[in-house]
Amino acid sequence: MNLDLLLVNITNPVLLFFILGIIASILKSDLEIPPSSFKFISIYLLFSIGFKGGQELAHSEINSTILFNLLLGIIVSALIPLYTFFILKRRLDTWNAGAIASAYGSVSAVTFVSASSFLEVQNIHFDGYLVAVMAFMEFPAIIVGVLLMKRYDTDKSKHLSIGQTLKHSISNGSVLIILGSLIIGYISNIQQAAEFKPFTTDIFKGFLAIFLLEMGITTAKRFSAFKKQGGFIIAFSLVIPAVNGCLVAFLSQFVIDDIGNRFIFSILAASASYIAVPAAMRLVAPKADPGLYIPMALGVTFPFNLTIGFPLYYWMINATM
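Numbering of the sequence shown is given in numbering that gives the first Met the number 0, commencing with residue 0 and proceeding in unit increments.
Hints in this document: simulated from the structure, not taken from any laboratory.
Please read all numbers here as calculations on a predicted model, not as lab measurements.
Worth double-checking, as some hints may not be accurate.
[As the list claims (entries may be wrong)] Distance windows between CB atoms, simulated: (1) 39 x 123: 24 to 32 Å; (2) 190 x 317: 32 to 40 Å; (3) 92 x 63: 39 to 47 Å; (4) 317 x 237: 19 to 27 Å; (5) 64 x 198: 25 to 33 Å; (6) 193 x 25: 38 to 46 Å; (7) 198 x 317: 19 to 27 Å; (8) 88 x 193: 35 to 43 Å; (9) 92 x 124: 43 to 51 Å.
C-beta atoms are modelled at their ideal positions from N, C-alpha and C, and glycine is treated no differently.
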């Protein structure tokens, strides 16, 4: 791996604000982002990436390539829980195994945004329709995870139906705002969309930096309680994302030509959801412990991808061009 690339990634101001949040938590500083402000920033980021993705999709002809990539994203999202569930089941109960498998099959919108910033530093373009791919990768993993829980759990009395599970997956706030903004961006004309540019583009990185500052604070707080659970889930949180990201980075050479698109697909496969899936699991898997799957995704996998994962997947993609 290119050490210069790793250094450039680590010195990215956006990532440094994440590290600052961790330091603030370790020092027990009173620095914090008010919950209402943090919720607004979360909605803003999801709205912005959805709207810009819709505009990119509007400028692209809907063809077999776009449809193929949408299908590929859905397949990747559905396959990851199928194998991770059985790895987790060796050490955890059915509910926790299903919830964690769903989280790692689903995607992290914030990791996606950070990956786009990484590509911007490298002056590499990726197609905007991948925002639609990301949105469609949110819920297949949830559906597969619930199916596995229903199949291997003996208590059938409190399970939601597949239809109810699908409804909760799509109506989840983060999924809905991405899909809704994408559709609005798609149907808006160029002049109308240009009026949104100062809001969706010019101030985007500033809000992302503040968001990651709070993510750093939250990560440090949750990790202290999480690490008591043992080495298995920490190892899982590091190894599985690396395996998924590297595997997609390698295999994507056979179906995708563009470096930027291959990198985004690798990130989507390597990321883990800590927004959409936890919200859905509160309803469909109440026995699963959020003290496991949230810190795994947010406290270990997220910083791993930001620091080591991005340069690793990018290096592998370039090595296979």
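Those earlier numbered hints the structure runs against, lowest number first: 7, 8
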